[in-house]
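Student: Okay, here's what each chain looks like letter by letter:
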Amino acid sequence: MKPPILEVRDVRKQYAAHTALDGVSLSVPEGSIFGLLGPNGAGKTSLIRIITQITGADAGEVLFRGERLNPSHIGRIGYLPEERGLYKKMKVGEQLMYLAQLKGLSKDEARQKIKGWLERFDIKSWSEKNIEDLSKGMQQKVQFIATVVHDPELVILDEPFSGFDPINANLLKDEILAMRSRGTSIIFSTHRMESVEEMCDHIALINRSRKVLDGSVREVRDAYRAQTYEVEGQGRLMVMHPDFEVLKHQERENGHFYDIIRLHGGTTPNDLLRYLIGAGSVEVHAFRELVPSINDIFIRRVRETQPDYVPETDTALA
Amino acid sequence: MSKIWLIAQREYLTRVRKKSFLIMSLLGPLLTAGIFAVPVLIATLSDKDKVVAVADAGGLFADKLPEAQNDITFKRVSADLPTAKAEFNKAKYDALLYVPKLDIAKPDGFQVFSRKGLGMSLQRDIERSVENAVEAQRLKNAGLDQAVLKTMKADVSLKTISLSEDGERSSSTGVSTGVAYACGFLIYMFIFIYGIQIMRGVMEEKTNRIVEVVISSVKPFQLMMGKVLGIAGVGFTQLALWVVLSFGITSAIAGSVSPDKIVQNRVERVNAAAGATATVQAKSTKSEGNEIVKAFKEADLNFGLIAGCFLFYFLGGYLFYGALFGAIGSAVDSETDTQQFMMPVTMPLVLTFVVAQATLTTNPNGQVAFWMSMIPFTSPIAMMMRLPFGGVPMWQLGLSMLLLIAGFLGTIWLAGRIYRVGILMYGKKVTYGELSKWLFYKG
Numbered sequence: 001m002k003p004p005i006l007e008v009r010d011v012r013k014q015y016a017a018h019t020a021l022d023g024v025s026l027s028v029p030e031g032s033i034f035g036l037l038g039p040n041g042a043g044k045t046s047l048i049r050i051i052t053q054i055t056g057a058d059a060g061e062v063l064f065r066g067e068r069l070n071p072s073h074i075g076r077i078g079y080l081p082e083e084r085g086l087y088k089k090m091k092v093g094e095q096l097m098y099l100a101q102l103k104g105l106s107k108d109e110a111r112q113k114i115k116g117w118l119e120r121f122d123i124k125s126w127s128e129k130n131i132e133d134l135s136k137g138m139q140q141k142v143q144f145i146a147t148v149v150h151d152p153e154l155v156i157l158d159e160p161f162s163g164f165d166p167i168n169a170n171l172l173k174d175e176i177l178a179m180r181s182r183g184t185s186i187i188f189s190t191h192r193m194e195s196v197e198e199m200c201d202h203i204a205l206i207n208r209s210r211k212v213l214d215g216s217v218r219e220v221r222d223a224y225r226a227q228t229y230e231v232e233g234q235g236r237l238m239v240m241h242p243d244f245e246v247l248k249h250q251e252r253e254n255g256h257f258y259d260i261i262r263l264h265g266g267t268t269p270n271d272l273l274r275y276l277i278g279a280g281s282v283e284v285h286a287f288r289e290l291v292p293s294i295n296d297i298f299i300r301r302v303r304e305t306q307p308d309y310v311p312e313t314d315t316a317l318a
Numbered sequence: 001m002s003k004i005w006l007i008a009q010r011e012y013l014t015r016v017r018k019k020s021f022l023i024m025s026l027l028g029p030l031l032t033a034g035i036f037a038v039p040v041l042i043a044t045l046s047d048k049d050k051v052v053a054v055a056d057a058g059g060l061f062a063d064k065l066p067e068a069q070n071d072i073t074f075k076r077v078s079a080d081l082p083t084a085k086a087e088f089n090k091a092k093y094d095a096l097l098y099v100p101k102l103d104i105a106k107p108d109g110f111q112v113f114s115r116k117g118l119g120m121s122l123q124r125d126i127e128r129s130v131e132n133a134v135e136a137q138r139l140k141n142a143g144l145d146q147a148v149l150k151t152m153k154a155d156v157s158l159k160t161i162s163l164s165e166d167g168e169r170s171s172s173t174g175v176s177t178g179v180a181y182a183c184g185f186l187i188y189m190f191i192f193i194y195g196i197q198i199m200r201g202v203m204e205e206k207t208n209r210i211v212e213v214v215i216s217s218v219k220p221f222q223l224m225m226g227k228v229l230g231i232a233g234v235g236f237t238q239l240a241l242w243v244v245l246s247f248g249i250t251s252a253i254a255g256s257v258s259p260d261k262i263v264q265n266r267v268e269r270v271n272a273a274a275g276a277t278a279t280v281q282a283k284s285t286k287s288e289g290n291e292i293v294k295a296f297k298e299a300d301l302n303f304g305l306i307a308g309c310f311l312f313y314f315l316g317g318y319l320f321y322g323a324l325f326g327a328i329g330s331a332v333d334s335e336t337d338t339q340q341f342m343m344p345v346t347m348p349l350v351l352t353f354v355v356a357q358a359t360l361t362t363n364p365n366g367q368v369a370f371w372m373s374m375i376p377f378t379s380p381i382a383m384m385m386r387l388p389f390g391g392v393p394m395w396q397l398g399l400s401m402l403l404l405i406a407g408f409l410g411t412i413w414l415a416g417r418i419y420r421v422g423i424l425m426y427g428k429k430v431t432y433g434e435l436s437k438w439l440f441y442k443g
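Line by line, the protein sequences give chains A and B.
Heads up: the first sequence begins at 1 in the working numbering, then just goes up one per residue.
Heads up: the second sequence begins at 1 in the working numbering, then just goes up one per residue.
Chain A extracted, bound-state conformation (with noise of 0.2 angstroms):
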């Protein structure tokens, strides 16, 4: 396995009455897309601010490729916040020439590189508009440039569908599993961890300052698998074996049914279709596991802590 690109070791901030992190540790493979996740004043900004190097962490260290971050570090990381904007009254060409130039290109690699990625989104011809003169998704898509136009070896993106029109999002999902086939290291942050969990090969949960969960989406979702399964059929369903718990039973129509079932006493899925088949009075349609969504094992993890947690209503969509 590759090096991690980005590791953070124990991390504390501080804010006057308030404690933003609170010994926050994660590791960031190389080339792979990263879940910070959490719900909103978990502590996610705050950290990317250390990682970007607008704040210092009061304790602990972030190494980029194992070097302590240092400010030769800051072109090689590209970052898209959630407050985000452009000066209104500039040109986009010359706008991402600036940003392009407070990255530490020079003038010649910022004009070639920018020529490159205004082909690439096809907005050439704005070069010379103002910004206030670009709709907002077409002000979103120069946005975007700003953030990866120095080749950045990790691009941050804090809220990234947030304010992003649902067009300008798929494109923006389609560039970053295009930088991340490119060998792109991304993290990503969000509180709406369900927009995000089909993309991430890795996430790390943040909860009140402190890193409840990490490791990749695979492991996470087996570690909570709850061995439960949805089965779906036709027939007089009777379960009376003592390993098999039927969690939620439903009759529809035709004699169909529809029910959650839980294994116990180390039975495996195979035993339980087995065991159906064998009863001879239904016929099996179909039959699932229910995998728990990061949302479910976020609040699961949470509640293991803090009994009376009440996950955030956030039904905006991205």
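The hints are simulated quantities; they were obtained by calculation from the structure and are not laboratory data.
Among the clues, some could well be false.
Simulated coverage check for chain B against chain A, where a stretch passes if three residues somewhere in it have a Cβ under 8 angstroms from a Cβ of chain A [stated by the list, open to error]:
no.: 1; stretch: 6 to 18
no.: 2; stretch: 212 to 219
List of simulated lysine-lysine pairs, BS3-like, C-alpha gap at most 30 angstroms [to be verified]:
no.: 3; chain 1: A; residue 1: Lys107; chain 2: B; residue 2: Lys3
no.: 4; chain 1: A; residue 1: Lys115; chain 2: B; residue 2: Lys219
no.: 5; chain 1: B; residue 1: Lys153; chain 2: A; residue 2: Lys88
no.: 6; chain 1: A; residue 1: Lys113; chain 2: B; residue 2: Lys3
no.: 7; chain 1: B; residue 1: Lys437; chain 2: A; residue 2: Lys107
no.: 8; chain 1: A; residue 1: Lys129; chain 2: B; residue 2: Lys19
no.: 9; chain 1: A; residue 1: Lys113; chain 2: B; residue 2: Lys18
no.: 10; chain 1: B; residue 1: Lys437; chain 2: B; residue 2: Lys219
no.: 11; chain 1: A; residue 1: Lys124; chain 2: B; residue 2: Lys19
no.: 12; chain 1: B; residue 1: Lys219; chain 2: A; residue 2: Lys91
no.: 13; chain 1: B; residue 1: Lys429; chain 2: A; residue 2: Lys107
no.: 14; chain 1: B; residue 1: Lys18; chain 2: A; residue 2: Lys129
no.: 15; chain 1: B; residue 1: Lys101; chain 2: A; residue 2: Lys88
no.: 16; chain 1: A; residue 1: Lys136; chain 2: A; residue 2: Lys113
no.: 17; chain 1: B; residue 1: Lys19; chain 2: A; residue 2: Lys89
no.: 18; chain 1: B; residue 1: Lys3; chain 2: A; residue 2: Lys124
no.: 19; chain 1: A; residue 1: Lys136; chain 2: B; residue 2: Lys19
no.: 20; chain 1: B; residue 1: Lys18; chain 2: A; residue 2: Lys124
no.: 21; chain 1: B; residue 1: Lys18; chain 2: A; residue 2: Lys115
no.: 22; chain 1: B; residue 1: Lys19; chain 2: A; residue 2: Lys88
no.: 23; chain 1: A; residue 1: Lys129; chain 2: B; residue 2: Lys219
no.: 24; chain 1: B; residue 1: Lys18; chain 2: A; residue 2: Lys89
no.: 25; chain 1: B; residue 1: Lys3; chain 2: A; residue 2: Lys89
no.: 26; chain 1: B; residue 1: Lys3; chain 2: A; residue 2: Lys115
no.: 27; chain 1: B; residue 1: Lys3; chain 2: A; residue 2: Lys129
no.: 28; chain 1: A; residue 1: Lys136; chain 2: B; residue 2: Lys429
no.: 29; chain 1: A; residue 1: Lys91; chain 2: B; residue 2: Lys18
no.: 30; chain 1: B; residue 1: Lys429; chain 2: A; residue 2: Lys89
no.: 31; chain 1: B; residue 1: Lys18; chain 2: A; residue 2: Lys136
no.: 32; chain 1: A; residue 1: Lys136; chain 2: B; residue 2: Lys219
no.: 33; chain 1: B; residue 1: Lys429; chain 2: A; residue 2: Lys88
no.: 34; chain 1: A; residue 1: Lys91; chain 2: B; residue 2: Lys437
Even glycine gets a Cβ: it sits at the ideal position worked out from N, Cα and C.
Could you slot chain B onto chain A? The hints should help.
Tutor: For chain B alone, coordinates are given in the frame of chain A:
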């Protein structure tokens, strides 16, 4: 460092390219020229001659009416007040002076009637005429000839010379005051205009939410300094343009309307109105004009020193206050929230200017002037208002400059601390208590 340069460049270019900059650059000199030209124009154009009717019941003006002066001519009407009033109404005179029967030792009971109320200057002029007539009458009663008295009057103007270690140098208080005000006012204006531009710039970045994008590439301090320096460049460019254009425009105006011509005009008009008696007075006006020119020539101000110091205090004062304005911009979300923080920053500036009127120019080397020219909050304006009068010891100038440098390093540090926290703080009303806490936040 190269990043500060990049930022300064952007700040400079975006501002210099704006239309408003071009307009201000052209308008500034026009306004300056206007300030000089308008009084001259007013003097030549306004004030149609006023006619004062005199109802001389007391016989004060029995020998002759007062001489015409300052665009006023006098005209005798009936000594009987009701008839005089009727005449006054018919002839549309500007004022009617009624001289009652009087005891010359204790003259009293003069009345002036007018249609629209008298102006201050008209009232003063009439008063003076009456006083002169009364005095003349008294002199005559005492057996003195007024002509003799006139030969005894003296008219002296002092040539002031400041004595210093460099030797004698003639100075002119009038010119010094003018230069002092000009320097002080320019610095005052510059700090205000460009300080507020810094504040707006910071607020724009904050409300546009671009600030977080930028400070993931540069340190907040670099962003602030780049902005302060870039806007300073804009200010210097504007100042240079103003100086060049002002010289151009004023000399063009001076060419077409020379002071001599104005005086000439006046002489002709006065002559036409009042006859030959006025030429004497007009001549004196002319020589006054020459005296100003002479004063400038004789003033022999150390223009090299003043110009050098002006640039220093201009820049120093701007840096001192500019950083503070930047800090204010970073701490607030909208222009309306700036008020509470603006007060303590602008107060010393305004104060210096007010005190300048009272003390600085009248007593440029006194205690108040000394302390104000040392304290960095007031020194950029105060010192520039003292310098033209001469007599500021070198050690004071040096100390003042050192203190100002220390001062702006201090305010820049202070502002940097507030700035780096403030620009990332959204939607929160900030108090002074909170600001002071920001100073001690760690990186």
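Student: Holds or violated: A:Lys136 with B:Lys19, Cα cutoff 30 angstroms?
Tutor: holds (26 angstroms)
Student: Just to be careful, I want the Cα atoms of A:Lys136 and B:Lys429 compared with a cutoff of 30 angstroms; is the pair within it?
Tutor: Status holds; Cα separation ~29 angstroms.
Student: Check the hint pairing A:Lys136 with B:Lys219 against an upper bound of 30 angstroms on the C-alpha distance.
Tutor: Holds, because 28 angstroms separates the two Cα atoms, which is no more than 30 angstroms.
Student: Within 30 angstroms, alpha carbon to alpha carbon, are B:Lys19 and A:Lys89?
Tutor: holds (12 angstroms)
Student: Is A:Lys107 close enough to B:Lys3, meaning Cα to Cα at most 30 angstroms?
Tutor: holds (13 angstroms)
Student: Does A:Lys124 lie within 30 angstroms of B:Lys18 when you go C-alpha to C-alpha?
Tutor: Satisfied, since the Cα-Cα distance of roughly 25 angstroms is no more than 30 angstroms.
Student: B:Lys19 and A:Lys88: Cα distance at most 30 angstroms?
Tutor: With a Cα-Cα distance of about 16 angstroms, the restraint between B:Lys19 and A:Lys88 holds, given a limit of 30 angstroms.
Student: Is B:Lys3 within 30 angstroms of A:Lys124, Cα to Cα?
Tutor: holds (27 angstroms)
Student: For the pair we were handed, B:Lys437 and B:Lys219, check the Cα-Cα distance against 30 angstroms.
Tutor: Holds, at about 20 angstroms.
Student: If you draw a straight line from the CA of B:Lys429 to the CA of A:Lys88, is it 30 angstroms or shorter?
Tutor: Between B:Lys429 and A:Lys88 the Cα gap is close to 25 angstroms, so the pair holds against 30 angstroms.
Student: Please verify whether A:Lys129 and B:Lys19 have alpha carbons no more than 30 angstroms apart.
Tutor: Answer holds: A:Lys129 to B:Lys19 is near 17 angstroms, not above 30 angstroms.
Student: Is A:Lys91 within 30 angstroms of B:Lys18, Cα to Cα?
Tutor: Since the Cα atoms of A:Lys91 and B:Lys18 sit roughly 13 angstroms apart, the hinted pair holds (cutoff 30 angstroms).
Checked against the numbered hints above, the structure breaks hints 5, 7, 13, 15, 34 and satisfies the rest.
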